[in-house]
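Peer 1: With the hints as your guide, set chain B onto chain A.
So the protein lines, in turn, are chains A and B.
Just so you know, we're using our numbering here: the first sequence kicks off at 797 and counts up by one.
Just so you know, we're using our numbering here: the second sequence kicks off at 797 and counts up by one.
Note that these hints are calculated values from the structure, not bench results.
No experiment lies behind these values; they were computed from the predicted model shown.
A couple of the hints might just be wrong.
No copy is singled out in the list; a pair is fine if it fits within one copy or between any two copies.
What the hints assert, rightly or not - Simulated crosslink set (SDA-like; lysine to any residue; CA at most 25 Å straight-line): (1) 1121 / 986; (2) 1121 / 913; (3) 871 / 1138; (4) 803 / 863; (5) 871 / 858; (6) 865 / 1142; (7) 871 / 851; (8) 828 / 942; (9) 1038 / 941; (10) 1038 / 1079; (11) 930 / 942; (12) 865 / 1085; (13) 1038 / 943; (14) 865 / 942; (15) 865 / 1140; (16) 930 / 1066; (17) 1038 / 1078; (18) 1038 / 916; (19) 930 / 966; (20) 828 / 977; (21) 1038 / 942; (22) 828 / 858; (23) 871 / 941; (24) 930 / 964.
Given next are the chains, with one letter for each unit.
There are 2 protein chains.
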Amino acid sequence: MNNYHGKRVLVTGGLGFIGSNLAIRLVRNGAKVTIVDSRVPGCGANLFNIAPVASDVDVIEACVGDVEKFTAPLKEADVVFNLAGEISHSRSMEDPERDLYLNTVTQLRFLLACRVHCAGARILYASTRQVYGKPEYLPVDENHRVQPIDFNGVHKCAATQYHLLLARRGDLDCRVLRLSNVYGPRMALHLPQQGFLGVYICRALNREPIVVYGAGTQLRDPVHVDDVVGAFLSAGSAPDLKSRVFNIGGPHPITLREIAATAARLSARAGEQSPIHELPFPDHLLRMDIGSYFSDPARIERELGSIPQVEFEDGLRDTLSYYRKHGGHYLGLAKQPEPPAATRLAYQAIAR
Amino acid sequence: MNNYHGKRVLVTGGLGFIGSNLAIRLVRNGAKVTIVDSRVPGCGANLFNIAPVASDVDVIEACVGDVEKFTAPLKEADVVFNLAGEISHSRSMEDPERDLYLNTVTQLRFLLACRVHCAGARILYASTRQVYGKPEYLPVDENHRVQPIDFNGVHKCAATQYHLLLARRGDLDCRVLRLSNVYGPRMALHLPQQGFLGVYICRALNREPIVVYGAGTQLRDPVHVDDVVGAFLSAGSAPDLKSRVFNIGGPHPITLREIAATAARLSARAGEQSPIHELPFPDHLLRMDIGSYFSDPARIERELGSIPQVEFEDGLRDTLSYYRKHGGHYLGLAKQPEPPAATRLAYQAIAR
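Bound conformation, chain A alone (with noise of 0.2 Å):
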C-alpha cells in the first residue's frame, strides 16, 4: 500500500483521533500531508497526536468552511482526506445548532470550494455507522436506510449526501467511509462525550468501575484505528470508485458485555483491576439507544480488499499501552470546558 509517495494530500481534521493516525501514517508512505484543523474546543484536535511527524507536516489552523486559509495547499491536493467533523451524538442532543454547523454548513461550504480548486482530487470523506440508526437487519450494508436517531446523524447524513450529490454530478470524485465504533492510540479520552469505547479506555487506565447499562448483550463490531487507516488509504488509491459507500467495522462482532470484560481484564496493574458494575439503563441513553450493531464486510473486502487485522484483545491492549506511556498528554488535559451558551446560526448576505 504504497500509492501515496510523492503525492500532495490534504487532512481535515488531522489533528484529531483519526486523522492524526492517518497523517502520520501517510508521512511514513512518503506522502506531503497538510492538516487543516479548527481545534474547535470539544472535537479531539491534540497538537500531541502529531508528534512523531510534527516536523514533516504543515498544520493549518483554520475551520474546514473558512477555504481562504488554505487555498494554495488545497489546489494541490491530489487526495483530501476529510475527516473534520464533531461525533459527539449526546452533545448534538443538547447543542444541535452547533453541531449543525460544525457537521454540515462547513462540509458545504469546503465542497463548493473543492468544486472550484481541486476538482481532479479523490475525496474521501469519514461518515459514522450513526447514520443508519436502530438497525433493521444485521449485518448492516451499505443499502441499509438511513435513519438516524439523534442529530448528529442527520447532519453527518446531509455532508455524506453533499459529497455523494456532488459525485454523481460529476463535479467531484468522492468516496465515503462508514466508520463503526473506532478505537486505538490518540483518541480524545479527556472528552467523555465521545463514545462509550473512550470511556471504557479512561475506567481501565484508572482501574475504576466500567459500567454496564442493561444486560450488555448488544453486539457491536469495535474497528482499531489502523485498519481505519489501512481503509482510507485503500479508497483513496482506488481509481472508479466514484460516489461509493463502504462500511468499514472491526474482525467480529462482540457484546458490550464482552468489551467491559476485555476491558476490565487489560487493565489489571499490581494485583488491581476495574470491577464491572451494572445497571439499569438510564433513560436519556435507552432512547438513543440502536440495539445491535455491527457492518457487513462484503463491499469493502470485495471492492478495495480491505480486511480488518486486529483482534479487539490486541487492539485494546496497545491502545491502553499507548496511554500508559503518553496519558498524561491526554488525560492530564483539563476535563471538557464548561459548554459555552447554545449556539445560533445567524442569516446574512454576503458580495460573492
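Peer 2: Then chain B, alone, in the frame of chain A:
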C-alpha cells in the same frame, strides 16, 4: 372529513401555494387558523392567496425559526401543518446556504420549540419526492432509498429526519407527507424556479410555446392541490401515526409530453393555442433529471383512505380558469427579484 371543527390549527408557510389552500379548507371546516409565514422573497407567499378567508385567519409575519414571535398560538395548537420552506431545486444549486437556512436551520429551531410548547400537538410536515432522487424502481414507495440529487433534496431530507427522530424518541407526534409534483390554484406563477408545471401553466395562459426537453417520455404523477389538502387533513386527524411517512401523488402517471400536450390544448382561446417546442435536454438540467417518477399510493390509501380524485386534465382546466380570473394577483407581480448576494451562515453563541 370534519375533525377540525373548533380545533386550533397552526399553518406554517400558510401564505404559500399549498399552505393557503389548506388554510382555506380548514377555515371552512370550522378550525381556528393561525398562519405563520415569513414572506421570504422567492418562496411563493402571497396575501391574495388567503383572500377568501382573510377575515377569519390570524396572520403572523415571522420566520418559522423565530418562535418567540408566535409562541402563544404555538402553545395552543392542536395540530400544526408545517409547510414553511423553499422548494426550488435550481435555486438551491445557486445559493445552497440560503436553502440550508430556509429548510433546515429554521426547521430545527421550530421543532425544538414545539417540543417545549406543544409536545402534545400533531405535526404534519410537507416533504418532497425530491428526497428520493432518481428512482431505483417504480412506483416509488416510502421505503425507497433516499438519495437526493440537489441541495434542496438534502435539506428537506434533513428536516424530515428531524421530525422523524423526535417522533421516534417520543418527544413529538410528527407525520410526514412526501409530495409529488403539486399543481392548482395559488401556485406562485411569477417564480419561474418553482417547477416545470408552473412554467407550463404560465405559457398556456399566454399561449406561448411550451417546451419539451428531449423525448419527453419521462413519467410524472402531478397531483392537484385539493388532493394534497385532503391527504394532509386525513393524516392530521388519524390517531397513532407517530413518525409515519406517506407518499402522495396524482391518480395516474403521465408523460411530460402528455402534460405539455394537455396544457397546450387547454390553452386554446380565440382559435390560438400554445405550440409545443421540442428542444435538446440542456446539460445543466440533464444533470438534475431523475428520469421517471411516480408514487406508490398503497400506504396512503390503506392507512388514510386517501385516494387522489382529480384527473390531470380537469385539474389543469380548473387551474387555468383560476388564473384567467385572478392572474393579475400572480403574473402581475414583479418578476423574481434579482437574487441577493449569496447567503452565509454565521456561528454565534447566544445565552440560552
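Peer 1: Against the structure, test the hints numbered earlier, and report the numbers of the ones violated in rising order.
Peer 2: The structure breaks hints 2, 8, 12, 14, 16, 20, 23; every other hint is satisfied.
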